[in-house]
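Protein chains: 2
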Amino acid sequence: MLKDITRRQFVASALSSAAISSLALSNGSAANAAIAGDLTSSPRQDAAAPGADQFSSWHDQGVLNLAKSPYAKLHSVPVRAVTIETGFWSARRDATVAQSIPTMHDLLESHGRMDNFRRLVGKSNAPQVGAVYSDSDVYKWTEAVAFTLQSGDRPELHKTASDIIDLVVSVQQPNGYLNTYFVGDRAALSMTPETQQSGHELYCLGHMLQGAIAYYRATGDRKWLDAGIRMVNDFLLPSYGPAPKLPIIAGHPEIEMSLVELYRLTGDKRHLDLAGYILGGDARIHVPPQANIYLFCGTPFTERTQIEGHAVRAMYACSGAADYYLETGDPAYWKTLNVLWNSMAGSKMYVTGGLGARAQGESFGAAYDLPNASAYAETCAAIGNVMWNWRLLAATGDAKFTDVLERALYNGVNSGMSLSGTLYCYTNPLAFDPSAGITIRNPWYSTDCCPPNFERTMASLPGYFYSTASDGLYVHLYDNSTLDWHLEDGTGLKVTQKTNMPWDGDVEITVAPAQPTDFTFYLRIPGWAGDGTRVAVNGKPVTGAMAGTYLPIHRHWASGDVIQVRFPITPQPLSANPHVADDEGRVAIQRGPLVYCLEQLDQPTDVDLTDNSLAVRMKPGAEFTSEVREDFLGGIVVLHRDGVVTESHSPASKGGPAALYGPYQDQEANSRNSHTVQLTFIPYYAWANREPSPMEVWTPVAKV
Amino acid sequence: MLKDITRRQFVASALSSAAISSLALSNGSAANAAIAGDLTSSPRQDAAAPGADQFSSWHDQGVLNLAKSPYAKLHSVPVRAVTIETGFWSARRDATVAQSIPTMHDLLESHGRMDNFRRLVGKSNAPQVGAVYSDSDVYKWTEAVAFTLQSGDRPELHKTASDIIDLVVSVQQPNGYLNTYFVGDRAALSMTPETQQSGHELYCLGHMLQGAIAYYRATGDRKWLDAGIRMVNDFLLPSYGPAPKLPIIAGHPEIEMSLVELYRLTGDKRHLDLAGYILGGDARIHVPPQANIYLFCGTPFTERTQIEGHAVRAMYACSGAADYYLETGDPAYWKTLNVLWNSMAGSKMYVTGGLGARAQGESFGAAYDLPNASAYAETCAAIGNVMWNWRLLAATGDAKFTDVLERALYNGVNSGMSLSGTLYCYTNPLAFDPSAGITIRNPWYSTDCCPPNFERTMASLPGYFYSTASDGLYVHLYDNSTLDWHLEDGTGLKVTQKTNMPWDGDVEITVAPAQPTDFTFYLRIPGWAGDGTRVAVNGKPVTGAMAGTYLPIHRHWASGDVIQVRFPITPQPLSANPHVADDEGRVAIQRGPLVYCLEQLDQPTDVDLTDNSLAVRMKPGAEFTSEVREDFLGGIVVLHRDGVVTESHSPASKGGPAALYGPYQDQEANSRNSHTVQLTFIPYYAWANREPSPMEVWTPVAKV
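Taken in order, these protein sequences are the chains called P and C.
Counted the way the numbering used here counts, the first sequence spans residues -14 to 689.
Counted the way the numbering used here counts, the second sequence spans residues -14 to 689.
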């Protein structure tokens, strides 16, 4: 760890630059206060949210620290406040911590990502490897460790992360700059207008800040955070921003949300303002129109009218803009955020919560352009979907955002890591045929963004279960867990969930305030629950549960109170909007929050998913049966339902392969040659955990 | 025009290079004979086909000169031998000659494609513009003019082409090299292993040779042809080929077929051998595996097992390989050609004859991966499909190749130029929604390969109507036309077609040999004709017409003999192989050789093609009606049939936009809210000739 004196020398060195000294000095006292003092005691320059002081120590800060955010209706609880106990998510988080994080560490090592840093301080002779954004892989991995440590110390993991952080910090240059790619011969390219579009320098910085903040919140150790602040305060702020400073844009959005989160920690309004400046675009850097769409930068955020371009970039920009709104309440941002959310959730999101229809540019397609087999649906984009909706939920308490968050989390994010914890999806298609030769889960990608992104998301998951508000507590996710926290008035509060969700719908919630007190318990009724949710408190029914809302239960709560909830967890065939051509005449099966799929391996031998002669029987009378299989794919509920296989009606052919086109034969003729089969559906997240096999989410409907 | 003395000086200059002189001299006498003498009197080094001598003068050579090709069963007739009279194809060829060719000339000028040549001889100061393959645009345009001139001189067009050829030839370097891109600073890149993969030098040479040969066959003028031979004989042959020469591959196949055609003209076996060498791959240039697929080069042609990669490259390579087979009879080539053809025609071809499912890499997808809206189906690839099948047809006389040729020609090629003759499709999707903002027909593309490729195909079209064989005449295409040619025994023969094909199925064919003689008239019965074809000679029925074959009519033909044919031109709904997911539950309508489509503009106001609530009614009793509309889209037959519009079953939504996903509603519920509409189909080739409008070829089938 660098000592303060060394750090101050760096600052002095940076300030000695005549070209930037006047700019730097104009904010110098605030900057130095932020660096030198107790971060949380820095004066906030906007009104603090009432009663927020008790959230002010590092170990009380959540995934986002919204305690003082004036436009946050909901406030995060720290990751450590929630313990996920044995159940659905514990299996996934345990696999992340026990398997994914250590094996990914070794892969980052063996692929030279750590040596990129060591080389710069003379500890390695290995050449630079990996693309411009490779530093961010290390940062996201370390952030995942940090979130793990927020749930309790793990000395070995802690030491590994600490050593990596020491290494990272050791390569920081005297002027605050820290990046392993734009050094040496490439230093001249740093922060040029072109590099700002393609070089990912600010993207890497953003991930470093997020990692550093998570590590600080885990340990109280500021060594990495201080390095991040130095790069912002010493390198970035003095030189980049509105004229006469140099122009600044974010070719891959990420810096915006990290700067706002830094502001939440430092109270230094320059951090918020720079985020806002970047979101506003900088006309001095000309971004060509197509790049403007792809990069999701260039155009002022508030001038965008649809979700488009590179899906991860778009999600990160929207997350940053939502963060900016949470601090500023800027109505233009709020309007645009809603327009873009409607564009996404209403026309450009897969039923798995996956985003990005096109491999080309890893990008959104046109409205309703949601092909299944060629879906890109990058794991990082689904994670971005969670991040964005978490912020919109904080701003509003509106359960429609939780519904989307949950859809992405349980399906399009959750599919991103194998049950073993060692293999990852980069893309998450909704139909798959292995005969094309593509391996869908791999231990490593040359662009290895998704695996550590999944890890940090899973490690931080306890922080997403609850929020507080001025009048009570919101519960967002249901799984075996305990909350040990307090209401915003300071009253201690423990909440325990006992449930087998999402496999069945009963949840018993024990509410135990430190002393009896009035507050509202906001119970999320998921959008998939329809009209079937039953709620009782201490055995007495509570009415008003409406799907897609939070049911407010206001009462004088006392220790021993129990909320009994029964959600209708039943298989539900979904249709897509008829504009979605690829889903036409097809259904997707959802059961609770889980989207299901067919994998070839589970079907009878006469069923061929790659042949469209198969359909699921949807006529009245056909029913699903659910089967609990604890020994299968980590323990799941499989679904069975009758399907129909129609004899292949391949056009007649004069020998050779079956003809590609031939006279149409009517349905009646085919239906004479159909037979019933039993189809078996598994949760989408569990696919591709056995040998390669065809898969489909949207299954044709048999209408005969 | 360069004088012979100048040309010989070039040759001498090339031969003076010590490094290559021994190689050059070893074949020098043959080469010089080919250059200096009557080309057609050069001794052929393989057995000449019997009775081929009368085809030997330049004006008697067809699109391909197969007169002496030992493995050609069919032989081309010259373009000039067939006159297309007023009817279906005359309208398209007239638009090509009157509109497309002159306007494309001006666009090639205004986009600097001619100045690229002028600059090199000091006649322009304009910088080089366009990609590495830009020379080929000029060559294909000039080839289109040459084929036009084969049908009769047009002095103004002739002069324009002649001037361009003079310009082209004037930039040829003393060593024979001719390319406007790899000159000056870029000369060092010429023919490096990397440039051979990506630089298109041999691709441009191939197009120059094809253009030069067409111009020679139109005019007897050898000025361009001699330049092409110089580049082959002086630049290429001495230095590139098997060790110890330098390695050679074709990163964009094209040179192979042009070298074989050059061999057919020169009789210089080195030209054939070099084509074979390139087709065999050159292991000394390492082509990475993915590039090997994309480029369709690297792997020996005879080791390929499926059609894949860049569709145009694949078609050109297959055409070259077919040409090589026609000369050599190599059974390994024949086997591979059939494997690849089955792969294409059986699983990777659109119903329009279009090829290339994917925009990424302009490439084939996996087997049965034939998406409609995102179909790439480049016009050039459909043209390549025609070229390849023309060669396979020549090798066999098998009508299955003509069926594919016709499918591509009438649909996927024909759609490539607007009715006006001034706008072009680069991609030819089978479904389209203009709301994505894509303009489907444009006057110019920065990669302007398709427009002049369409022009040269259309200009050469008369050459595709007939072939001769040792025992008679084959008719491939039906349209108003006259053939004025002779049988292979030299007997003069005129054949006249009077028909309204493809709008109705009656064809009256007058057969008039110069004197009564025995031969077989091979009458093509198209694959689409089913069992319904009726044939008579002089009013007397001829039996045995079988769809997808040539009906041999052997008799003692005499002037005044008439063949009356009635093809069953009726609308036919086609199904696709059930493995084609995008066509599942849908039909495409074909009538004769024409594939039809729905354009939004022609439908009732309550029909929305972008909404899947529309289906064509296929239950028994629903019938097509055909309507002749001479004033509409250049004169077409439109088709009408009942369709069904189902009330949109968009998932319910709580305000805001319609929900993207919602509970499935069964078909019976929807069918209560459906109503009948009259759908109007137009030929696919005629789409996108009005304001932008949604279109679809494959229409859902209403089963209720």
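It cannot be assumed that every hint is accurate.
One copy or any two copies: either way a pair holds, since identical chains are not told apart in the list.
To be verified - Straight-line distance between alpha carbons at most 25 Å, and here's what the computed SDA-like set of lysine to any residue pairs gives:
{"#": "1", "residue 1": "K604", "residue 2": "T661"}
{"#": "2", "residue 1": "K604", "residue 2": "S659"}
{"#": "3", "residue 1": "K320", "residue 2": "T534"}
{"#": "4", "residue 1": "K58", "residue 2": "K525"}
{"#": "5", "residue 1": "K604", "residue 2": "P648"}
{"#": "6", "residue 1": "K208", "residue 2": "T177"}
{"#": "7", "residue 1": "K525", "residue 2": "T313"}
Because the hints were derived from the structure by calculation, they are not lab data.
Status of each hint after checking the structure:
{"no.": "1", "hint": "K604 with T661", "result": "both (13 Å within a copy, 24 Å between copies)"}
{"no.": "2", "hint": "K604 with S659", "result": "both (15 Å within a copy, 19 Å between copies)"}
{"no.": "3", "hint": "K320 with T534", "result": "within (21 Å within a copy, 66 Å between copies)"}
{"no.": "4", "hint": "K58 with K525", "result": "neither (29 Å within a copy, 91 Å between copies)"}
{"no.": "5", "hint": "K604 with P648", "result": "between (28 Å within a copy, 14 Å between copies)"}
{"no.": "6", "hint": "K208 with T177", "result": "neither (29 Å within a copy, 52 Å between copies)"}
{"no.": "7", "hint": "K525 with T313", "result": "neither (43 Å within a copy, 91 Å between copies)"}
Comparing the model with each numbered hint stated earlier shows that hints 4, 6 and 7 do not hold.
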